[in-house]
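Trainee: Here are the chains, one letter per residue:
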Amino acid sequence: MTGAPNEPIIGAEHVSKWYGQVIGLNDVVLKVQPGITGLLGPNGAGKSTLMKLVTGQLKPSKGVLTVLGEPIWQNAPIYARIGFCPEQDAFYERMTGLEWVTALVSLNGLGETASRDMAVRALETVGLSDVSGKRIAAYSKGMRQRVKLAQAIAHDPELLILDEPLSGMDPLVRRKMIRLIKDWGRAGKSVLVSSHILHEIESMTPNIVLINQGRILAEGNVHQIRDLIDEHPHTVYVKADETRELARRFLADDHVLSLRFEEGAVVVQTGRPDVFYAQLTELAASGELGVIHEVTSPDDNLQAVFQYLVKS
Amino acid sequence: MSARPTLFSSALRVFDFSLGQMLWSRRSVFLGLLVGAPIVLAVVVRIFAIAGWLPIVNGSQVGGPALFGVLMWLLFVRFVVPVLGVFYGTSLIADEVDDKTITYLFTRPVPRASVLLGKYFAYLACVVLLILPSIIIIFFLVVPVGGSIGQAFPQLAADLGMVAVGVAAYGAVFAFVGAWLKRPLIVGLVFAFGWEQTVLLIPGYLKRLTVAYYLQALVPHAMPQDSALSMLLGMFQDLPPVWVSLACLAAIIVAALWLGGRAVENREYVLEQ
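The listed protein sequences correspond, in order, to chains A and B. The first sequence begins at -11 in the working numbering and counts up by one. The second sequence begins at 227 in the working numbering and counts up by one.
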């Protein structure tokens, strides 16, 4: 089973990965402790490269990478202890969900009946029992994500590695899957989950690893990172009926740093996004300044936050 | 939890679910056309025979068994079998990489080589099950034209064996090429239709580096001697004994699969995002 207590489930000692002249990962030193850990970074940050290294699909160009205390590259037996849900939307489309999960679980050396039983249980866990006999080609995006998760958890692994597992899921299913991942952690197992959406990771775990431009930027408790992020001026786009009235109200607040008008919308920069969102929700609920149609934040794009963190 | 899967048991599991994938793939349409076309040709031969329009070589009409031999050697062994080998063999791993499904197989506790081996077995089953019935149909259509089915039957059995061995040998060679190279199709086609075809015409030892050389020794068909080229071919025809051919073909299959397995074990597959 897992090694000594406090032994990291994933250890990277000066790991680098090059694709020809391009650096995918640069001198990464990392110790991921048991429990749930979120790997957070904008698109192209090196998350996928790290995930591929951690799952033994790629070999480090330099350095040593261990998973569950053993090197992962060319170490097939260790996969009996790992479940991996990849990012790509790729399947054997003609197979049914049950056939596919059963086939993959059977590769763990289990008999047909045992594999089928495990597949049935896993599909039930992800809420796909009713469509398990349908071809994967007929599944919605959310179902496809869930069937990928089912094949990862079916053999009850010690370590679950999930690459952007929530993308394409509707809010209700997303909530269920988050609960499932948290339950997995509570059961004493470990999960490494990657995402480019901060609140997704935050809802699963306080332990995060920030990665950007192939380097580990920070690791630790998400709240400390959140504080850093919250200090960063936050831009919010508010589409509403009464943009001038809204702007007048916003200007009265100290935390609003600037604002400008766009067609049918007001774009606000605030130093206290938490306070701003709370006020906006109250205004929307009261309806005193007309209907607020849309609230988006380009700064939720992690790229902006990372640029800010790198600069600070 | 369970016994550690061995190379062979893992290969059988991969075979299990790859066979269905292979049979229902777009390649099967291509395979159907490839093995169906000779049947159409055989029907045409039969119609011509009924109409009395069979070819005459050296003053005598070519019989059904000889025509069957020509179809077997020139069409199946020299064309259909290598084409199938190239298109299926090179794609065993490449298709999984292109479809981005290789991740699911390579993150299971099975040796990577077993994925290649399992898919190779699936290729063998798929191709042999489709190609052999086609040959049997052609046999029954062509051989009765001036020949006896009873007398030619042992020949059919030998031909079926030869084709099965050919499918296995070409498949293994191209499975290795597919596992080893990033763009294996061009190399496969050059090998099958450049190297193999050319070297067989050159006197000397080079022809021993082809699969066809050992295959033609298994079932030497009497070709109609109607051209200078066939006379020339006859002069250079030094066929190894059957047991040597079988041993060499077995060695080619084992070596190619071993090298292919090594290539799959050591190679990093970077999937396009």
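These aren't lab readings, by the way, just hints derived from the structure by calculation. Heads up, some of the hints might be wrong.
Said to hold, decoys possible - Derived DSS-like pairs: lysine-lysine, alpha-carbon spacing no greater than 30 Å straight-line:
#, chain 1, residue 1, chain 2, residue 2
1, A, Lys19, A, Lys129
2, A, Lys50, B, Lys408
3, B, Lys408, A, Lys170
4, A, Lys47, A, Lys19
5, A, Lys19, A, Lys170
6, A, Lys50, B, Lys433
7, B, Lys326, A, Lys47
8, A, Lys177, B, Lys433
9, B, Lys433, A, Lys122
10, B, Lys433, B, Lys326
11, A, Lys227, A, Lys177
12, B, Lys408, A, Lys47
13, A, Lys170, A, Lys122
14, A, Lys164, B, Lys326
15, A, Lys177, A, Lys164
16, A, Lys47, A, Lys177
17, A, Lys227, A, Lys170
18, A, Lys129, B, Lys433
19, A, Lys50, A, Lys129
20, A, Lys129, A, Lys164
21, A, Lys164, A, Lys122
22, A, Lys19, A, Lys122
23, B, Lys433, B, Lys408
As the list claims (entries may be wrong) - Listed below are several chain A residues computed to face chain B (Cβ distance under 10 Å; list not exhaustive):
#, residue
24, Tyr7
25, Gln9
26, Ile11
27, Pro59
28, Gln62
29, Ile66
30, Ile70
31, Glu87
32, Trp88
33, His184
34, Leu186
35, Glu188
36, Arg203
37, Ala206
38, Leu247
39, Phe249
Note that the Cβ used here is the ideal one computed from N, Cα and C, for glycine as well.
Trainee: Hint by hint, note whether the structure agrees.
Mentor: Status of each hint after checking the structure:
| no. | hint | in the structure |
| --- | --- | --- |
| 1 | A:Lys19 <-> A:Lys129 | violated, 33 Å |
| 2 | A:Lys50 <-> B:Lys408 | holds, 23 Å |
| 3 | B:Lys408 <-> A:Lys170 | violated, 41 Å |
| 4 | A:Lys47 <-> A:Lys19 | holds, 18 Å |
| 5 | A:Lys19 <-> A:Lys170 | holds, 20 Å |
| 6 | A:Lys50 <-> B:Lys433 | violated, 44 Å |
| 7 | B:Lys326 <-> A:Lys47 | holds, 18 Å |
| 8 | A:Lys177 <-> B:Lys433 | violated, 60 Å |
| 9 | B:Lys433 <-> A:Lys122 | violated, 52 Å |
| 10 | B:Lys433 <-> B:Lys326 | violated, 39 Å |
| 11 | A:Lys227 <-> A:Lys177 | violated, 44 Å |
| 12 | B:Lys408 <-> A:Lys47 | holds, 18 Å |
| 13 | A:Lys170 <-> A:Lys122 | holds, 28 Å |
| 14 | A:Lys164 <-> B:Lys326 | holds, 27 Å |
| 15 | A:Lys177 <-> A:Lys164 | holds, 18 Å |
| 16 | A:Lys47 <-> A:Lys177 | holds, 25 Å |
| 17 | A:Lys227 <-> A:Lys170 | violated, 35 Å |
| 18 | A:Lys129 <-> B:Lys433 | violated, 54 Å |
| 19 | A:Lys50 <-> A:Lys129 | violated, 37 Å |
| 20 | A:Lys129 <-> A:Lys164 | holds, 16 Å |
| 21 | A:Lys164 <-> A:Lys122 | holds, 22 Å |
| 22 | A:Lys19 <-> A:Lys122 | violated, 41 Å |
| 23 | B:Lys433 <-> B:Lys408 | holds, 27 Å |
| 24 | Tyr7 | holds, 7 Å |
| 25 | Gln9 | violated, 14 Å |
| 26 | Ile11 | violated, 14 Å |
| 27 | Pro59 | violated, 14 Å |
| 28 | Gln62 | holds, 7 Å |
| 29 | Ile66 | holds, 7 Å |
| 30 | Ile70 | holds, 7 Å |
| 31 | Glu87 | holds, 8 Å |
| 32 | Trp88 | holds, 8 Å |
| 33 | His184 | violated, 13 Å |
| 34 | Leu186 | violated, 21 Å |
| 35 | Glu188 | violated, 19 Å |
| 36 | Arg203 | violated, 20 Å |
| 37 | Ala206 | violated, 25 Å |
| 38 | Leu247 | violated, 38 Å |
| 39 | Phe249 | violated, 38 Å |
In summary, the structure is inconsistent with hints 1, 3, 6, 8, 9, 10, 11, 17, 18, 19, 22, 25, 26, 27, 33, 34, 35, 36, 37, 38, 39 from the numbered list given earlier, while agreeing with the others.
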